[in-house]
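K.L.:
When you get a sec, could you build the whole thing from the sequences and use the hints?
Residue numbers (the working numbering), protein chains in the order written: chain A, 1 to 270; chain B, 1 to 458; chain C, 1 to 222.
Keep in mind that the hints were calculated from the coordinates and are not lab data.
Misleading hints may appear alongside valid ones.
[What the hints assert, rightly or not] DSSO-like mimics (lysine-lysine), calculated; alpha carbons at most 30 Å apart, straight line:
id	chain 1	residue 1	chain 2	residue 2
1	A	K221	B	K160
2	A	K28	B	K454
3	B	K299	C	K15
4	A	K28	B	K455
5	B	K36	B	K128
6	A	K64	B	K429
7	A	K188	A	K165
8	B	K455	A	K64
9	A	K140	A	K127
Just so we're clear, the structure is a prediction, and the values are computed from it rather than from any experiment.
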Amino acid sequence: MRVGLFIPCYIDQFYPQVGVATLELLEKLGCEVVYPPEQTCCGQPMANSGFEHLTKGCNDLFIKNFEEFDYIVAPSGSCVLHIKEHIHDPAGQKPPEAASSDRTDISALPEFANFPTANSRHNIPGKIFELVEFLTDVLKVDKLEASFPYKVGLHQSCHGQRGLKLAQMSELMAPPFSKPQHLLNLVKGLELVELDRKDECCGFGGTFCVFEEAISVKMGKDRVADHIRHDAEVITASDMSCLMHLEGILRRQQSKVQIKHIAEILNARL
Amino acid sequence: MSGSNHKDHAALAAEFNKDEPRVDWHDETLWWVRQKRDKAAARVPEWELLRDTASHIKENVLSNLSGYLRQFEEEATRNGITVHWAADAKEHNEIVLSILSRHKIDKMVKSKSMLTEECHLNEFLHEKGIDVVDTDLGERVVQLAGEPPSHIVLPCIHLKKQEIGEIFHEHLGTPKGNADPQFLTHAARLHLREKFLTRRVALTGVNFAVAETGEFVVCTNEGNADMGAHLADVHIASMGIEKLIPQRRHLGVFLRLLTRSATGQPITTYSSHFRRPRQGQEMHIVLVDNGRSVHLGKKDFRNSLKCIRCAACFNTCPVYRRSGGHSYHTAVAGPIGSILSPNLDMKKYADLPFASTLCGSCSNVCPVKIDIHEQLYKWRQVIVQEGYATAGKTAAMKTMNWVLSHPGVYHTAGKTGRWFMLNVPFTVKNGFNTWYRQRDMPTPPKQSFGDWYKKNKK
Amino acid sequence: MNESSNMATRNSRDKILGTVHGNQPAPRELPPLPEGTPIAPADLAPTFITALEAIGAAAYIVSGFDRIATMLHEQFPGARRIVTGCPQLNAFAEAAAAAKGLDPHMLENVELAILPAHFGVAENGACWITESLMVERALPFIAQHLVLVIPHSSIVPNMHAAYDRIAVLEAEAPANTYGFSTFIAGPSKTADIEQSLVLGAHGPLSLTVFLLDENLSDAGYF
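P.N.:
This is the structure:
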């Protein structure tokens with residue numbers, strides 16, 4: 001199977017080791033992995049800031065780079081969720097309606113008229129996966145040649161958890177499950193710590209991290225404190241954006257706690 | 001709460017965060033309420049089915065709201081309740097005033113009604129020389145303190161007991177320094193009992209109105225709505241038009257969900273059903289639109305009208321817990337307030353949909369399954385389209401778009417940025433970089449992943 | 001209301017209904033209602049009592065009104081004014097007839113009100129009481145302490161069953177077609193001050209519920 005590797009912009013620029021770990025891990029597990037070099041970004045930072053109408057360029061580029069693959073895999077829950085939900089035309093395939101008086105119906109805007117449609121031949125939403133779910137749901141990994149003898153705190157990145165259903169949500173009255181935990185449990189020597197608040201948001205939130213800086217930092221500090229209280233030596237997650245934010249706080253506190261993307265842990269050897 | 005001169009959520013929240021221990025206290029108190037909700041929900045095996053049922057009932061209501069309004073009006077009128085219609089806040093306030101004037105009354109008691117907060121009823125009546133006493137304990141506290149409530153269910157959750165003790169000392173004459181909740185509550189009991197006994201008009205909110213029977217339900221733990229209504233010659237109930245439910249038996253679903261979602265109790269102490277006025281009493285109900293009928297026409301946003309005002313979304317929101325309700329500068333704060341308020345005044349409340357990380361927790365606790373976090377995202381698009389994004393943000397986004405749509409530019413920008421970070425750290429490690437205020441920058445690597453791949457894999 | 005305000009409200013009514021009608025989404029059917037988790041009949045009363053005690057009320061299973069009178073005499077020895085809506089207690093307290101029809105303000109000094117209720121709800125400890133049983137609407141709220149008496153066999157499992165029962169009660173007797181009615185679940189309370197629970201806000205300071213079980217022997221009370 002041919003896997004197109006989608007490396008989010010900030011991982012490409014600041015955390016290439018996460019991309020390397022992802023690629024190595026997928027190859028170890030038998031995938032033919034290709035990295036289209038002209039890729040840039042999924043468009044989420046603009047869309048979440050209210051500028052979805054500007055993301056056509058990113059969408060077109062993404063489709064051009066990735067439509068040929070059997071699967072697209074990315075080490076990022078929020079980017080994958082964004083592509084799944086927004087790569088197609090927000091207006092979908094519904095027939096054009098008579099001009100409505102609903103000024104808040106953005107799908108009717110001219111900027112969205114030429115967005116790629118849901119029924120395009122590409123079917124990207126159906127074949128794009130975040131790394132953890134690709135391993136558990138497609139490759140059905142049940143063992144790993146990985147070793148990481150540390151106390152690890154698992155941060156439950158929101159978009160992966162609530163959007164992609166990577167793990168059960170504490171708000172729902174439903175049976176527990178966790179795909180990242182399933183994989184971490186396959187790593188030798190790794191000890192997962194229990195947290196007080198299993199799935200509280202870290203506070204990164206895209207441009208929220210600068211436009212609501214005070215709250216963003218406070219949320220990050222509280223997350224970090226929860227992990228430290230439970231003696232985590234390493235904090236991991238399936239989203240590097242969360243980890244970048246938490247790392248910024250840890251380094252400012254001169255803490256010894258490290259951050260590692262889950263790809264790095266699953267790919268780790270002694 | 002003036003027009004465009006007010007501070008936005010980010011600024012108000014930053015002020016709130018200057019006192020970190022207080023933020024911790026506020027956050028932990030509300031997180032505890034969220035946990036109580038979880039425990040209560042876990043004891044109802046069919047909880048998720050109930051949420052689904054309530055959501056569907058409310059969707060049915062919205063799809064036939066005009067029919068149910070007519071039915072309610074007919075039944076309520078037949079029951080002897082006078083039904084009034086108010087197109088907006090101003091009309092609501094004038095209707096209330098006209099009832100008071102007709103009875104030549106200038107003092108009244110009021111139990112909790114977020115609708116009257118939305119209409120600024122108290123201020124309006126005060127200007128007209130009417131004395132309104134809020135009888136819900138939390139509301140009385142903030143009324144005496146001269147503040148708006150910060151939470152729709154727990155109005156003074158932002159105040160510590162010492163502060164409440166001070167307020168009561170100043171206004172009710174309780175001993176200085178006494179902050180014992182039991183003592184203070186008892187003092188409020190005596191103080192408000194006198195108001196109940198001497199005032200002839202009581203105004204209540206409405207939790208649910210039943211179209212089938214023309215009755216309405218008011219839920220309290222304190223019994224203040226009942227103490228007011230059953231001693232008053234005139235009972236006025238204020239209600240948003242979306243508060244209808246079709247049949248009385250639907251109350252079974254909503255009453256099982258409401259208080260568990262709000263405070264983790266199985267039910268409020270009193271769930272009072274008002275169908276006819278008491279012998280010799282006048283009962284009025286004011287049906288208020290104030291933007292709801294227009295909101296109903298917005299296909300992406302109409303579902304926020306399903307709201308039953310439980311505040312579960314407030315308690316679960318990591319941003320609300322750390323900002324406090326006053327940072328939202330609106331009557332109904334929190335996640336639901338952030339999707340309702342822009343409908344009332346998009347310019348004034350343009351900041352609210354951005355006061356969120358879109359974590360999605362709110363949508364999961366909502367007993368009527370409003371897609372709150374999705375509406376927050378959609379409001380952002382609308383607000384930008386309507387021109388309420390700042391010029392700086394717009395420019396930054398346009399630049400970002402240009403860079404990210406052109407791979408060559410993106411690669412150059414990335415390389416350049418990293419070079420500057422490594423060799424001229426001051427470009428990012430300075431007071432203008434908001435990120436850098438309280439967080440270190442990531443260490444820039446020598447090569448991007450793209451560079452590595454080219455070298456090692458191609 | 002005067003002419004012009006009648007006109008104004010009529011205009012608003014038409015405007016509101018018109019806009020609402022035009023903006024309603026596509027029809028959505030009503031869903032079926034769940035029945036809730038069943039509770040074995042033998043567990044109904046214990047579940048009800050557990051729920052009641054969790055919300056700060058007291059509950060007793062008794063064989064008859066004599067027992068109730070004795071216990072109340074013990075629990076409220078100094079009570080100066082007691083009003084009851086249970087004719088069986090007319091010897092013990094001020095009868096309903098005396099209090100009925102009075103200006104409710106006259107009930108201000110009632111220390112103890114003893115009223116019958118129709119049924120209890122196991123999942124939350126609530127009792128359903130209609131106006132016809134209250135003597136006066138204000139009485140269950142204005143009394144300093146409240147006692148409710150329900151048949152032990154009347155307890156329903158949950159709120160869905162409760163509303164079914166309410167419909168049956170209305171069909172049985174016109175007096176049950178209430179102008180006012182309420183579920184009472186515990187003493188009045190508030191947690192508005194720093195989430196500290198305080199029993200006794202504006203309604204009664206305490207609630208006691210007696211479950212009448214005429215099959216019990218005299219000695220058997222909870």
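K.L.:
Are the hints correct? Go through all of them and say.
P.N.:
Tested hints:
1. A/K221 x B/K160: Cα-Cα ~24 Å, so holds.
2. A/K28 x B/K454: With a Cα-Cα distance of about 20 Å, the restraint between A/K28 and B/K454 holds, given a limit of 30 Å.
3. B/K299 x C/K15: holds (20 Å)
4. A/K28 x B/K455: holds (20 Å)
5. B/K36 x B/K128: Violated, at about 42 Å.
6. A/K64 x B/K429: Judged against 30 Å, a Cα distance of about 37 Å means the pair is violated.
7. A/K188 x A/K165: OK: A/K188 and A/K165 at ~25 Å, within 30 Å.
8. B/K455 x A/K64: holds (23 Å)
9. A/K140 x A/K127: Given pair A/K140, A/K127 holds - Cα atoms ~16 Å apart, limit 30 Å.
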